[in-house]
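Trainee: Chains as they are written, first to last, in numbering that gives the first Met the number 0: chain A, 0 to 192; chain B, 0 to 380.
Treat the hints with caution; some may be incorrect.
Pairs of lysine to aspartate or glutamate residues, derived as EDC-like cross-links and limited to a Cα-Cα distance of at most 16 Å, are as follows [as the list claims (entries may be wrong)]: (1) K19(A) with E219(B); (2) K240(B) with E230(B); (3) K270(B) with D160(A); (4) K139(A) with E219(B); (5) K215(B) with E15(B); (6) K308(B) with E335(B); (7) K343(B) with E175(B); (8) K139(A) with D370(B); (9) K92(A) with E52(A); (10) K240(B) with E224(B); (11) K215(B) with E22(B); (12) K67(A) with E95(A); (13) K150(A) with D286(B); (14) K150(A) with D370(B); (15) K270(B) with D153(A); (16) K76(B) with E64(B); (17) K239(B) with E219(B); (18) K30(A) with E211(B); (19) K145(B) with D243(B); (20) K240(B) with E175(B); (21) K30(A) with E64(B); (22) K150(A) with E22(B); (23) K150(A) with E175(B); (24) K290(B) with E5(A); (25) K57(A) with E22(B); (26) K145(B) with E230(B); (27) K19(A) with D173(B).
It is worth saying that the hints were derived from the structure and are not from the lab.
Each chain, letter by letter, is given below.
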Amino acid sequence: MPYTAERPQPRPTPEELRAKIPGWGVDLDPKDRPAFPREQRGIPTGAHWDFPERQEEKWPRERSIEHKFLTPVFGTSTPPKGVSGAIRKYAYKYSEGRAAHWLLLIGADRVDAWENHLRSFVTLRPDNPITESGVLSEFKNHGMASRWGRKRADTKHQWMDPIIVAGPWLLTGTGVVLALKGITKAVRKARRR
Amino acid sequence: MRAMVYRGPYKIRVEEKDIPPIEHPNDAIVRVTSAAICGSDLHLYHGMMPDTRVGMTFGHEFVGEVHEVGSSVENLKVGDRVMVPFNIYCGSCYFCARGLYSNCHNVNPNATAVGGIYGYSHTAGGYDGGQAEFVRVPFADVGPTKIPEWMDQEDAVMLTDALPTGYFGAQLGDIEQGDTVVVFGAGPVGLYAAKSSWLMGAGRVIVIDHLEYRLKKAREFAHAETYNFTEYDDIVVEMKKATDHLGADVVIDAVGAEADGNLTQHITSSKFKLQGGSPVALNWGIDSVRKGGTVSVVGAYGPMFSAVKFGDAMNKGLTLRMNQCPVKRQWPRLFEHVRNGYLKPSDIITHRIPLEHIAEGYHIFSAKLDDCIKPIVTTAA
Chain A
0 MPYTAERPQP
10 RPTPEELRAK
20 IPGWGVDLDP
30 KDRPAFPREQ
40 RGIPTGAHWD
50 FPERQEEKWP
60 RERSIEHKFL
70 TPVFGTSTPP
80 KGVSGAIRKY
90 AYKYSEGRAA
100 HWLLLIGADR
110 VDAWENHLRS
120 FVTLRPDNPI
130 TESGVLSEFK
140 NHGMASRWGR
150 KRADTKHQWM
160 DPIIVAGPWL
170 LTGTGVVLAL
180 KGITKAVRKA
190 RRR
Chain B
0 MRAMVYRGPY
10 KIRVEEKDIP
20 PIEHPNDAIV
30 RVTSAAICGS
40 DLHLYHGMMP
50 DTRVGMTFGH
60 EFVGEVHEVG
70 SSVENLKVGD
80 RVMVPFNIYC
90 GSCYFCARGL
100 YSNCHNVNPN
110 ATAVGGIYGY
120 SHTAGGYDGG
130 QAEFVRVPFA
140 DVGPTKIPEW
150 MDQEDAVMLT
160 DALPTGYFGA
170 QLGDIEQGDT
180 VVVFGAGPVG
190 LYAAKSSWLM
200 GAGRVIVIDH
210 LEYRLKKARE
220 FAHAETYNFT
230 EYDDIVVEMK
240 KATDHLGADV
250 VIDAVGAEAD
260 GNLTQHITSS
270 KFKLQGGSPV
280 ALNWGIDSVR
290 KGGTVSVVGA
300 YGPMFSAVKF
310 GDAMNKGLTL
320 RMNQCPVKRQ
330 WPRLFEHVRN
340 GYLKPSDIIT
350 HRIPLEHIAE
360 GYHIFSAKLD
370 DCIKPIVTTA
380 A
């Protein structure tokens, strides 16, 4: 018990543990642990520069205002574009310490998804929530058996996932149908006059 | 080339993309032969990580063959089989010079709080990842290493993130001989952290999760005692009882942002994105560890604030240690452990999924179908 000075429970001996677990204690000495001490000078890294050569900046690369300058190397995936791109560029006016920075970026992510879904409808490959969500694996990979009768904590919220994926599509579809109906009705009414 | 592409929360597909070009003299282009889906990829997949853009290719665990090298690359040549740590790092900045490769200051213009990570949103630098046929690998003389002849390819993939992160998590715990170590999460990182804790001399290792098949794996793979938190009214009280009311000496949070166990925490973070992550496991850890103990955090959280119980941590005099793992620093020792048979990383792989079916692979992993623990993505390139 912690109410007295000694450790509460007897421990197995090193010999017992070694017999049971291959390699028990091989890193017992902190000196054998590669992350000890946390900061170490002089580990060869392979770098043969003091400061790396700069990568070409092909478009005004957004960067944290906590950086002194654009880092010499950076990723070039998916440059910002459209409304989401404008929101992202605005978000980078705030430092990483500001909630506005992150909330704007999260907001831009949602706008980006919608921009791209809509754009996909004028391409030969429109978004398909059935194939892109991988939901067909529910039938091939034991969706029911993987959950039924198992005390899984995540089943309490997994029912929300289809709503997150399909909900906006259903709402948009319903909106489009209602709008078309309204337009047709208005046109018919106008013709009758 | 064919590549996995993000299309918005819970949606991905395979698209045709250009093979990435050399953009810096120390770049290499690697033809990916095997990649993995990481539990932290699910945070991106669920739309939790800010600045995750439609069109990005995920994947920070991969191995492959060098396809092309930039003009200043000295250590690799075309045709070399390489394993690539998930960290992108320069090897020369203030932090790299001190071994903190995951905190490199020269590779991520978008944020100073995190280094560069392949395929992990613009918050981690805006690099496309390795769930594709080809990937750009910056600082080819620094990050990648030739896969040793004796090493199995799937073991090598597990050594690019999951195993080093678990092993690093155990090191952050500063385990002393005979310590009781509690690991929250029986996913890949938790399993490796539990197994690594024994190498560091733990006297007792306990793993906690809600997925029975993963706890079974923890018993078999990591020789751990296990607790399914859904079977107890309060897992913190149970941990106190299990340690004669002292608490664990060390707790490792190997769950991160999407922890279950508290619906409000989960929904506010995973569904409404109002927190950087659901800190359920971290809070349980803070309450389960003994006073003066250490909590090691290797589960990934987003950059926003999270409702963490800092008052308890302060009052208990805890040491909180955490970081993204500097992978390559762990490799020499881990290579020895793999070669000596103390660790067999690929033992936890449960699914091998062709790139063409990666959308289903993500769903299987996310929804925990088919007793999935670790899925590998194979490319036909």
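Trainee: Next step is simple, just say for each hint if it's right about the structure.
Mentor: Hint by hint, here is what the structure shows:
no. : hint                 : result
1   : K19(A) with E219(B)  : 12 Å, holds
2   : K240(B) with E230(B) : 15 Å, holds
3   : K270(B) with D160(A) : 9 Å, holds
4   : K139(A) with E219(B) : 27 Å, violated
5   : K215(B) with E15(B)  : 40 Å, violated
6   : K308(B) with E335(B) : 39 Å, violated
7   : K343(B) with E175(B) : 24 Å, violated
8   : K139(A) with D370(B) : 13 Å, holds
9   : K92(A) with E52(A)   : 27 Å, violated
10  : K240(B) with E224(B) : 14 Å, holds
11  : K215(B) with E22(B)  : 46 Å, violated
12  : K67(A) with E95(A)   : 14 Å, holds
13  : K150(A) with D286(B) : 23 Å, violated
14  : K150(A) with D370(B) : 14 Å, holds
15  : K270(B) with D153(A) : 13 Å, holds
16  : K76(B) with E64(B)   : 10 Å, holds
17  : K239(B) with E219(B) : 24 Å, violated
18  : K30(A) with E211(B)  : 36 Å, violated
19  : K145(B) with D243(B) : 48 Å, violated
20  : K240(B) with E175(B) : 22 Å, violated
21  : K30(A) with E64(B)   : 34 Å, violated
22  : K150(A) with E22(B)  : 50 Å, violated
23  : K150(A) with E175(B) : 34 Å, violated
24  : K290(B) with E5(A)   : 15 Å, holds
25  : K57(A) with E22(B)   : 10 Å, holds
26  : K145(B) with E230(B) : 46 Å, violated
27  : K19(A) with D173(B)  : 22 Å, violated
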